[in-house]
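Visitor: Going down the list, the protein sequences come from chains F and W. Per my numbering, residue 70 is the first one in the first sequence, and the count goes up by one each step. Per my numbering, residue 70 is the first one in the second sequence, and the count goes up by one each step.
If you are wondering where the hints come from, they were derived from the structure by calculation, not from laboratory data. Hints are not guaranteed to be accurate.
Computed list of lysine to any residue pairs in SDA-like fashion (alpha-carbon distance at most 20 Å, straight line) [as the list claims (entries may be wrong)]: (1) W:Lys74 with W:Glu257; (2) W:Lys356 with F:Thr336; (3) F:Lys338 with W:Lys349; (4) W:Lys338 with F:Lys338; (5) F:Lys317 with W:Val202; (6) W:Lys314 with F:Glu377; (7) F:Lys112 with F:Val150.
None of these values were measured; they are calculated from a predicted model.
Number of protein chains: 2
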Amino acid sequence: MFDAKKFVEESLTEIRRIVGDNKVISACSGGVDSTTTTVLVHKAIGDKLLAVFIDDGLRREGEPEFVVRTLKNLNIRTNYVDAKAGFFNVFKGKTDAEEKRKAFRDKFYKTLGEVAKEEQIEFIAQGTIKADVIETVQGIKSQHNVLEQIGIDPKIYGYKILEPLRDLFKPDVRKVARELGLAEEISERMPFPGPALSLRVLGEVTPEKVAIVRKATEIVEEETNKLGTFQNFAVLHNDKATGIKNGKRVYGHIITVRIVDSTDAVTAKARQVPYEVLTKISERITKEIPSVVRCLYDITDKPPSTIEFE
Amino acid sequence: MFDAKKFVEESLTEIRRIVGDNKVISACSGGVDSTTTTVLVHKAIGDKLLAVFIDDGLRREGEPEFVVRTLKNLNIRTNYVDAKAGFFNVFKGKTDAEEKRKAFRDKFYKTLGEVAKEEQIEFIAQGTIKADVIETVQGIKSQHNVLEQIGIDPKIYGYKILEPLRDLFKPDVRKVARELGLAEEISERMPFPGPALSLRVLGEVTPEKVAIVRKATEIVEEETNKLGTFQNFAVLHNDKATGIKNGKRVYGHIITVRIVDSTDAVTAKARQVPYEVLTKISERITKEIPSVVRCLYDITDKPPSTIEFE
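Given these sequences and hints, build the entire structure.
Guide: Right under this line is the structure:
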């Protein structure tokens, strides 16, 4: 049985020992992993920690404001870094899923490295958890926050890595979050991938396509958050399809809705969402996003699918 | 109230009057429209009619054999034309939906024109029905069998057009089919588009992609024909997505399942298929077609979607 209280105590000692008199930067996306890491490190070393929210332009509606507000309310020193233009720039012309992930990761660490250098900071704290390590080792996907596993030397970006949650699975991370007194809206937060909406735009990632999937995501969340599933989101296809808008034939976008149950993200089941909910989602998305003509619902479990499309 | 008996009687007179001593060719795809047309014309002029089945390589599993057998059992003179290679050739490099439709249509009429010329035939009988005419006029899609509507002069292909069903909607076509004594497996047949599986392969149409969607279609039909819906089929996306096969991350194909209720194809509702059926379809498709990692279910009505994707 995992003992969250004991884990926190031991982690505080360990973090203080490793960091010493140095300063730490923590890249906080607002997810349960990175927020718990940030709060844990803050508890250990106080104002020697600087939290950074990198706005990559790929976050959900209202998310940047929410994360910055949350961190400030916890009295954690926080920098908001507007890196939107730079991120969209690295996606230009890239359509391959793995190439996009790599472009994101590289840009992410470069941006973070720049902040670390400016602030003369030695360590980067990251919310890596056990599933990330396992999946990367098995070659399921290259998580952007598991540098050593994929042969990236953090030193080339100019810092050392601190990963206090790397031996925990998600349910234990949530226990640690509760132990640290984090609000439920953080501790029970749905997983959200590091590369964010870039994974949910098939093909090239552009500001226009991200805006479409962001709006679709908002609608899916409004209609299904009450179902209490593990993850619920929207994906924008690169393929287009025919539809009819205002009595005219058009060639428009396709959105897939993905809603899964899972405990650890290692396996997952497609939720059997009541059709009246799906119909409402389809009607809202095709009405509120005029360029979308078609909504699909993902009926595949993991395996053989993954939860995300990329 | 539509009187099928009277319609048949008047049509026989009219067909005989128009055709005179000439010969007629009828392109029969096996669908209710073209088969009813073929049988009606055969009843009018007997062996002056030659039925032709053009195998474009885009038909469902077992379909070419079924159509040729059906026509021969009705004692209709029938030619099987193997045009598979030629059709795949015209699809090379074409990814736009309308461009693909046009390529199909042009190849179709050229092939038919060649047969007509060989056989020294003056007229081509076609299964055009009212919905085709209306949709083409409204610009919803360019049906491949409504030449005049789209400004194509049939004479450039070398023949005149005979369209005995052009004023009927689908339910009345079925009544005519029953009046003509056609078997239920024809008269109650689900609609199937002229360009066949080429509409159900997004992006470039290749023999490999058609083979995948053909197999997926077979699985969808086996699992859902008993539901008695208006149409039930599979679509192969051009987009790919990540999945896990044999414990390894792979980048594989996506199939969408589309099942709709409709009376006339002008509007349609996505069927609320029981989840146990969808789960079985998803399991079978991802297992029996190893390159497919993900199955989606189309939850959109027409409008704003169309029934087909292209």
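Visitor: Hints first: check each against the structure and report whether it holds.
Guide: Now for the hints, and whether the structure bears them out:
no. : hint                   : in the structure
1   : W:Lys74 with W:Glu257  : holds (18 Å)
2   : W:Lys356 with F:Thr336 : holds (17 Å)
3   : F:Lys338 with W:Lys349 : holds (13 Å)
4   : W:Lys338 with F:Lys338 : violated (26 Å)
5   : F:Lys317 with W:Val202 : holds (15 Å)
6   : W:Lys314 with F:Glu377 : holds (15 Å)
7   : F:Lys112 with F:Val150 : violated (23 Å)
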